[in-house]
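Please work from the sequences and hints to get the whole structure.
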Amino acid sequence: MKSTKIFGIIGVLFIALFAISFIGRINNKANSPQTVLADFQEISPHYFDYSEGTLAQAYGNGNTVLFFAATAWCNTCSALDKELKERSALLPEGITVLKIDYDNDSVNKAKYGITQQHTMIYLDSQGNEIKRWVGGGFDTLVAQIN
Amino acid sequence: MFLLLPIAFISGVLTVFSPCVLPILPIILASGIDGKIWRIRGVIVGLVVSFTIAALLLATVVRLFGIPADTIRNIAVLLLVLFGLSMVFPIIWEKTQVFIEKYWHAKPIQTQNSGFGGGFVTGVSLGVVWTPCIGPVVAAVATLAAVNSLSFASVLIVLSYALGTAVPLYFIAKGGRAATARLGFIKTNNQKIRQVFGVIILGTALFIWTGADRNLQAWTLAHLPASWTQLATTFENSVKVDTQLDQLKGGGKLLKKANHGETVVRDVSLQDDFTGAKVKKEDLFQGCFGGKDCIPSIDKPQFESVQEASWLQESDVVFAIDYMGVQRAYPQRILNWHEIVNDTIVSDPVAITFCPLCGSALAFERKVDGVITELGVSGKLHNSDLVMYDRYEGNLWQQITGEGIVGEAARRNEKLKQVPIITTTWGEWKKEHPNTQVLSRETGYSRNYDQYPYGTYEQDDQLLFGVKGLDKSFQIKTVVYGVEIDGLSKAYPESVFDNQKIIEDQIGNVKLQLEKLDSGEIKVTNLETQEEIIPIRLFWFAWAAFHPDTQLYSN
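So the protein lines, in turn, are chains A and B.
Residue 11 in this note's numbering is what sits at position 11 of the first sequence, and the numbering runs on without skipping anything.
Residue 328 in this note's numbering is what sits at position 328 of the second sequence, and the numbering runs on without skipping anything.
By construction, these hints were calculated from the structure, which means they are not laboratory data.
Please note that the accuracy of each hint is not assured.
[Said to hold, decoys possible] Here are the in silico distance ranges between beta carbons for each label pair:
1) Q500/B - N146/A: 55 to 61 Å
2) L13/A - G211/B: 17 to 23 Å
3) N104/A - L552/B: 47 to 53 Å
4) A143/A - K300/B: 49 to 55 Å
5) L13/A - G469/B: 57 to 63 Å
6) T263/B - A143/A: 27 to 33 Å
7) A143/A - S495/B: 52 to 58 Å
8) L13/A - S238/B: 33 to 39 Å
[Said to hold, decoys possible] A few chain A residues that don't get close to chain B, going by computed Cβ distances all over 10 Å:
9) S44
10) S51
11) L55
12) N61
13) G62
14) L91
15) G94
16) T115
17) K131
18) V142
Being a predicted model, the structure only gives us computed values, none of them experimental.
Glycine included, each C-beta is placed from N, C-alpha and C at the ideal position.
Below you can see the structure in the form of C-alpha cells.
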C-alpha cells in the first residue's frame, strides 16, 4: 500500500523531530548552572533568575525592577541574555533585572499580562509599572530605564 | 512611516529563514499535498489575517477579558486537532453537518470543496500559535500593542510584515505540492491523501502542544550561526530606522518645544511613560479600539441659529456656554458621538468635553504648558471617565478633574483651566437666550444624531467599565452637582432643586449658596468671597470615584 508508506515516512519524521527537540531540552538543562540557593540565583551583577524571594528583596532594598520574559527559542532574547551576562555590571545601582521563564511561568505571565516573548516590564520599588516594551538589546534597555 | 513598510515586509521575508518557521513548516509543506492550490491559498491567507490580529490585539484581549495568552494558544491548538481529526476521519465532519442541519435548521453553506475553507481554519490556528522572533520594527509595533496604544500605522506595519512572511511560505507550499505531484504514487484529490494531511496537522498540533517545537527551535538556534538565525534583525539594524521608529513610538521627549501663546496641533503619539503619572497603568481601560481618536472630536465646528435648529426638541439636553456675550449650545445628541468640540469663542481657544459614560460636561481652555492646541479622545477610560489627550505633547488628561495624568503634563502637575459651562435643556436655554448659536449637525462625520449610542445606559444601573471603589450609597447614576472648595467636596442630587430654587449650605467652614436659574443653570456662590464656583453635573458614581471623601447633601 502506497499510502501506508507515506504514513510511515511521516511517522518517522515526527519521531525524529521529537527526538531532536528532547535532546535539545536535555542539553539546555545540562548547560544551565546548578542551582546553589533554590530561591536566589544571580546570573551576573544586577541580573537574576526570577524568584519571589529575589523580587521581595529587590523591593525591600528600594530597587526598581526590570522583568525580562526570556526563552531559549527566541533569538533576540538569547542575544540580550548574552549581552546582559557580559555587561550587566554597567547598569546603574538600584536596579534589579529579573529573568522570567516565558515558556513555563504562567503565573507571572498572567499577573503582568505578558503575551509575547522578550517583553520587558519596568516597575518602581512599590511594584507599580512604569513602562513596558518588547524586544531590543542592552543599549535599548539602558535608554529605556534612563 | 512609509519607509518602515518595505522594511517590515523584507523583514517578514527574512524571518522565514530563521528557526521560528520550524513549527509551521510541516503543515505549510503539506498543504498542497493533494494538488489543491486553493488550500495553500487558504492556509496562507488565514495565517496572515490571524497573525496580524493576534500581534495587534492579543495583549488587549488578555487585558480586557483576563484570559491568559496560553489559553488562547491552547484553543488554537485544539482547533488544529479538531480539524486534523476531521480530515483523518471524514465521518466527523459529515456528522457535524447533519447535527447543524438538525438542530439549527440551517444548511451549512455548500461550498465546492476547494480546500480553501479548511486551509483557512488551519492558517488561522497557526497564526495564533506562531510567535516568530522579531526585529526592531515589529518589536516597536509589539510594544505599542503591549501598551494598548495602536495606530493605523502599526496595523499597516504588522500587515506588511505578515505579507512578507506569506511570500516565501507560499512558494514553499507550492514547492511541496510540486514535489508530492512528482511522486507518481500519490493520486490527486484522493481521500487517503487528505488523511495524510490530517495526520500531519495532528502531529504538528501535538508537537506544539508539548512545547517540543520550542525545544527544537532552541536547539536549532544554538547550533546554527547567529548570522543565519538573526538575518531579519541584522537586516533591520543595517537600515537606519531609528528616527522613524521614534516617531512611531512617539513620546513627548522627542517633540519640539513650542513657545507660550504659539499654536501647535500635530500628530502626536500618546505618552506612555508612567513616571510621575497620577494613575496606575492597570487602572486605564481601553474604551474603544483603534487608538487615539477612535471617537472623533469635532475640530471645525459649524453653528446655526435657533430657527435653523428646529431638529432639536425642547427636552433635549444641551451643554451651554455664555462667554463674553456669546452664547453657544452644544446638543448632547451630537456630543454623544464626538465627546470633544475644539471651539474658538471670541478668539479664545475653548474645548467642550462630554463623557457619555459619566454624564459629565466640562469646558476647558485649550492650552497645554501655555501652548494653544486641541484636545482629542485618547480611547482610554479611567473609572469610566473620558481620558483626553492633547495634540501638542500627547499627554493624557482626566476629563472630570482636568488633571494631566500621564506624560510631561502630569510631571508638571498641570491642570487644564476650566471654563464655565452649564447642562440644561434646549427649551430652557433658548427661552433665556434667543440669540444663542447651536452646534450644527454638519460635523464632517456621518453619524445618526437621533440615536443614543449606549442603549439603556443612562437609565439602568450597569457600568460598562470598571470603577475603583464604586460607591453604591445611591443609585449609581443619580444625577448630582459636584462642588469642590479647598480640597473638600460635596454632591447635591439634582432632585433637591425640584422643590426649592435656592439652597444655602456649608462645605467645611465655607458658606455657600446654590441657586437654580431660569436658564436651567445651577449657580454656586461662595457667600464669603462672593466668588462663583463652577459645579460639575454628572452621575453620582463618577463624582464619588474621583472624590472618594465627598460629602452628600440631604435636606
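Hints and how they fare:
no.: 1; hint: Q500/B - N146/A: 55 to 61 Å; verdict: holds (59 Å)
no.: 2; hint: L13/A - G211/B: 17 to 23 Å; verdict: holds (19 Å)
no.: 3; hint: N104/A - L552/B: 47 to 53 Å; verdict: holds (51 Å)
no.: 4; hint: A143/A - K300/B: 49 to 55 Å; verdict: violated (39 Å)
no.: 5; hint: L13/A - G469/B: 57 to 63 Å; verdict: holds (58 Å)
no.: 6; hint: T263/B - A143/A: 27 to 33 Å; verdict: holds (32 Å)
no.: 7; hint: A143/A - S495/B: 52 to 58 Å; verdict: holds (56 Å)
no.: 8; hint: L13/A - S238/B: 33 to 39 Å; verdict: holds (36 Å)
no.: 9; hint: S44; verdict: holds (20 Å)
no.: 10; hint: S51; verdict: holds (21 Å)
no.: 11; hint: L55; verdict: holds (17 Å)
no.: 12; hint: N61; verdict: holds (20 Å)
no.: 13; hint: G62; verdict: holds (16 Å)
no.: 14; hint: L91; verdict: holds (18 Å)
no.: 15; hint: G94; verdict: holds (15 Å)
no.: 16; hint: T115; verdict: violated (4 Å)
no.: 17; hint: K131; verdict: violated (5 Å)
no.: 18; hint: V142; verdict: holds (15 Å)
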